[in-house]
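Student: According to my numbering, the sequence shown is numbered sequentially starting from 1.
Everything labelled a hint here was simulated from the structure, so no lab data went into it. Be aware that a few hints might be false.
Here are the simulated distance ranges between beta carbons [unchecked claim]: (1) ASP201 with LEU237: 20 to 26 Å; (2) GLU153 with SER188: 19 to 25 Å; (3) GLY200 with ASP61: 39 to 45 Å; (4) ARG28 with ARG105: 16 to 22 Å; (5) GLU207 with ARG187: 35 to 41 Å; (6) SER34 with TYR149: 33 to 39 Å; (7) ASP155 with HIS63: 23 to 29 Å; (8) MET30 with PRO80: 31 to 37 Å; (9) ASP201 with VAL54: 27 to 33 Å; (10) ARG156 with GLY238: 20 to 26 Å; (11) ALA19 with GLN47: 38 to 44 Å; (12) GLY198 with ARG235: 33 to 39 Å; (13) LYS197 with GLU153: 41 to 47 Å.
Even for Gly, the Cβ is constructed at its ideal location relative to N, Cα and C.
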Amino acid sequence: MVGASRGLGRGVVEAFLTAGAEVVALSRDMAPLSELAAGQPRLHCEQGDAADPVLAGQLLDRHRPDVLAILAGASPLLRPIAQQTWETFSTPWDVDVRIAFTWVREALVRPLEPGSQVIVTSSGAALRGSPLSGGYAGAKATVRFLTEYAAQEADREGLGINFAAVLPQLTPATPFGLAAAEAYARRSGIGVEEFIKGMGDPVLTPEVAGAAFVSLAAGGTEQTGSYLLAGTGLRPLG
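With the sequences and hints as input, model every part of the structure.
Tutor: In structure tokens form, the structure reads like this:
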């Protein structure tokens, strides 16, 4: 689990532990995982930079995972374009795309064992845009394309590795999602409660995300392609 300390990533870690899996969780900040790890002998924590290709290769060689879930990324600066700099605008490209590229590439180069499942987190913003998030939507669209390209390469080389992209909808159930909801509510001139109500029910939670990732991991060769992830679960995208 790459990016496992909070938000949807934390929910994914807990879901795999509940399912009985041995879980290796990579995080830059170990503090959020320390309490969970103390009571879970099947949780093995690794600290480091998810964008480091050397570390990625070392961890894949050491642990040889059946499932690789990539959830790490930067929280974009929530401002309109006129209040962005190129550095803030491009952060999702420098972080999110780089992390996805690093791990997808290493999964292909090693390669992972036939039947392995790679699940890469994109965003629902890749479909609809995100005008207060700088280059976030475009970066997440690239993450989705990158996952699809990797699936094609794995198929062409006969590697037997399954690649799936998951596009979570905006949710107030995570710190970043709540901050984004507050920003868009201000932009729309309405209260945050009203904005969240307009997002529909049920909202996406870390628990729903965890169940979705576990279902993809258990699905075998059919679990490829791209999926929208909402409060009701996964929906395949054409």
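Student: Which constraints among the numbered hints does this structure fail? Numbers only, ascending.
Tutor: 2, 5, 9, 11, 12
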